[in-house]
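Novice: All chains, please: the whole structure from these sequences, using the hints.
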Amino acid sequence: MPVSGTELLEEQVNKKYEAGFVTDVEQETLPPGLDEDVVRFISAKKGEPEWLLEWRLKAFRHWQTMTEPSWANIKYDPVDYQSISYYSAPKKQGDGPKSLDEIDPEILRTYQKLGIPLDEQKMLAGVAVDAVFDSVSVATTFREKLADAGVIFCPISEAVREHPELVKKYLGSVVPQSDNFFAALNSAVFSDGSFVFVPAGVRCPMELSTYFRINAQNTGQFERTLIIAEEGAHVSYLEGCTAPMRDENQLHAAVVELYAHERAEIKYSTVQNWYPGNPETGKGGIYNFVTKRGICAGRAAKISWTQVETGSAITWKYPSVILKGDDSVGEFYSVALSKAFQQADTGTKMIHIGKNTTSTIVSKGISAGFGQNTYRGAVKILRGADNARNFSQCDSMLIGDQCGAHTFPYIDVQNPTAHMEHEASTSKVGEDQLFYCNQRGIETEDAVSMIVNGFCKEVFKELPMEFAVEARKLLEVSLEGSVG
Amino acid sequence: MSMLEIKDLHAQAEQQEILKGVELTVEPGQVHAIMGPNGSGKSTLARVLAGDAAYEVTGGEVLYKGQNLLDMDPELRAREGLFLAFQYPVEIPGVSNVYFLKAALNAIRKHRGEPEMDAMDFLTYVREKMKVVKMEESLLQRPVNDGFSGGEKKRNEIFHMATLDPVLAVLDETDSGLDIDALKIVADGVNSLRDDNRAFVVITHYQRLLNYIVPDVVHVMVDGRIVRSGGKELAHELEDKGYSWLEQEVATGAAEPVGV
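As they're listed, the protein sequences go chains E and W.
Going by my numbering, the first sequence wraps up at 484, each residue one higher than the last.
Going by my numbering, the second sequence wraps up at 1260, each residue one higher than the last.
Keep in mind that the hints were calculated from the coordinates and are not lab data.
One should not assume that every hint holds.
Okay, derived cross-link-like pairs now, DSS-like style, lysine-lysine, Cα gap no bigger than 30 Å in a straight line [claimed, not checked]:
#1 W:1153 <-> E:457
#2 E:324 <-> E:75
#3 E:75 <-> E:349
#4 E:145 <-> E:461
#5 E:113 <-> W:1129
#6 E:428 <-> W:1153
#7 E:267 <-> E:169
#8 E:58 <-> E:355
#9 W:1184 <-> W:1153
#10 E:349 <-> E:168
#11 E:457 <-> W:1020
#12 E:46 <-> E:145
#13 E:461 <-> W:1153
#14 W:1065 <-> W:1110
#15 E:267 <-> E:349
#16 E:457 <-> W:1110
#17 E:380 <-> E:457
#18 W:1110 <-> E:473
#19 E:168 <-> E:145
#20 W:1134 <-> W:1184
#21 E:169 <-> E:349
Specialist: Shown next as structure tokens:
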């Protein structure tokens, strides 16, 4: 006879007690380890319906049959999946540091250099926010505005409760559970993330940002985001922030799915500055292994990915677009910085299926210190994709002589009417360029950031304005000390 | 106090000695010309004055406005008013001429304790300077020297000089590669900046430039030293006789290193 999820859980929990497990279902953090019980625990903790628990379990069972991929141009200590804790409750107000004085001065210095206002610094550091800056009420105002327009923007856990039909319909439709090792893992244990639904014909009245998602929890570890734009809808979403983010959880395996119907437009911008690891040893940094994909399902749909990746010890991601609808458009603009001991293997996949589809790829890789930066891009033009057009430009810049830049472009054209352009360049910030700047009164660090900014201009201009200003500053701060 | 005093300056690159005891004094308001055959060290002298780390100073002293120049970083020398018009100006793709100059000028102004200029004020200021070298507005927005013709690069150097308002300007073969018209424009630009408080060191291969930028003193550099100094007639003498007579004198030890 079928047992309810809760009964099953209680049974399991009681069993574990004998082995020294914790009984309290109200507990805040799971001990390390991953098995089906952990998946059930997570699902029960979130009060999820049976179908979602089954979905998670299916993913978990599939994950157990998969092998971690090793083809990327990156080296890292193997991850012990049994030594990670897969659930920790959101921190309550008052749990965190009492004031900014308790925060690592190095982090504070970075906040100041990035020009982050004091109240935001507090919020980022987890200091209890006072009445002057009431993040909850600010977020409430935005929610009302969005509700007026019919836009749904909430944590995915809330969407499961309030809009299960939508979640059921679209979850896993762009990134199936079996897609890859990390997507399967994420599907099993995803913590939370954003859910966005823009109804037909609606232009979302403001840029959506993770900042204003009420109850934005400590979800970095296995974030799951789902954005749906119906016919003719438009939305711009900003992920991340320039402030350096530390996390006890080293592995970040997020999944982002974008679904654009006919004539819809989704713009997804990311600025990522996760902790890159100890600058002397490279140890301890975040592994950012992300699966991001969008589908232009309907005619004339458009999806743009813009990313500025300056953090993480390892960045491994290929935001991609499936151009299924005729006349659909996919874009990818990227700046990836690898310095000290950072490694990046990033790029995009543009799959042309419909007719008259267009894709644009502009990738700027910057390597400094001992950083290793790899661009990996695939442009596939399938047999039925008449009149497909692609423009790809991947530029690498090397600062210093210990770093590396690598490029692996894959081009697979199965239709003779395709039109493709591919340009690539590698340049070095030359000693003579720096001396020229010095001789005009500009000191070396300012010269490097000026030259690098010039290099990244094309990508920065695709970012929403405030993000672009922050991104420029972030690059400057990130490059400090990388020359000399 | 002299503007510039170079005393027994020795410098090398890759273990090869290039400057072998240069002596030179420049007073404010003066224009000094330095001529000499290829390999004599003229450009090296210019770059050592600017602080190029590719060259190692192995002896001697340089006083700029009474200060020890060799102790100063290149950007500090620039902020103190030393300007070098490069022989081969480098390209900086992605950085517009106007953005670059604004950053440079503001770095200098900040050093001098003057308020920095915002984009609008700077544009007004720089448009006046463009007239000095008959520069087209389009060259303002283009990346520094990127895609510029040889002549445009040289004129851009003079444009930079006019904008940054230096105290001591060293022009390293600014005339090389220029046709007569471009030469006149460059010369006019330099002449318009001649001032009692400013000095110029003009390094050139050919006497021709000196018809337009009339020097107060002409020096000849041979084998890493200044071996002869004189008035502007010295330039004509070189044009008639070439450099070999001086090179021979140096080789036989007949010529003494001289400075004015």
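Novice: Determine for every hint whether it applies to the structure shown.
Specialist: Each hint, compared with the structure:
1. W:1153 <-> E:457: Measuring from Cα to Cα gives roughly 24 Å; hence the hint holds.
2. E:324 <-> E:75: Roughly 35 Å between the alpha carbons, so the hint for residue 324 of chain E and residue 75 of chain E is violated.
3. E:75 <-> E:349: 22 Å, holds
4. E:145 <-> E:461: 27 Å, holds
5. E:113 <-> W:1129: Given that 30 Å is the threshold and the Cα spacing comes to 35 Å, the pair is violated.
6. E:428 <-> W:1153: 21 Å, holds
7. E:267 <-> E:169: 22 Å, holds
8. E:58 <-> E:355: Measuring from Cα to Cα gives roughly 35 Å; hence the hint is violated.
9. W:1184 <-> W:1153: 15 Å, holds
10. E:349 <-> E:168: 26 Å, holds
11. E:457 <-> W:1020: 46 Å, violated
12. E:46 <-> E:145: 27 Å, holds
13. E:461 <-> W:1153: 28 Å, holds
14. W:1065 <-> W:1110: Between residue 1065 of chain W and residue 1110 of chain W the Cα gap is close to 19 Å, so the pair holds against 30 Å.
15. E:267 <-> E:349: 16 Å, holds
16. E:457 <-> W:1110: The given pair, whose Cα atoms are some 27 Å apart, holds under the 30 Å limit.
17. E:380 <-> E:457: Between residue 380 of chain E and residue 457 of chain E the Cα gap is close to 27 Å, so the pair holds against 30 Å.
18. W:1110 <-> E:473: Within the cut-off at roughly 21 Å; holds.
19. E:168 <-> E:145: 26 Å, holds
20. W:1134 <-> W:1184: 11 Å, holds
21. E:169 <-> E:349: 24 Å, holds
Hint check: violations occur at hints 2, 5, 8 and 11; the rest are consistent with the structure.
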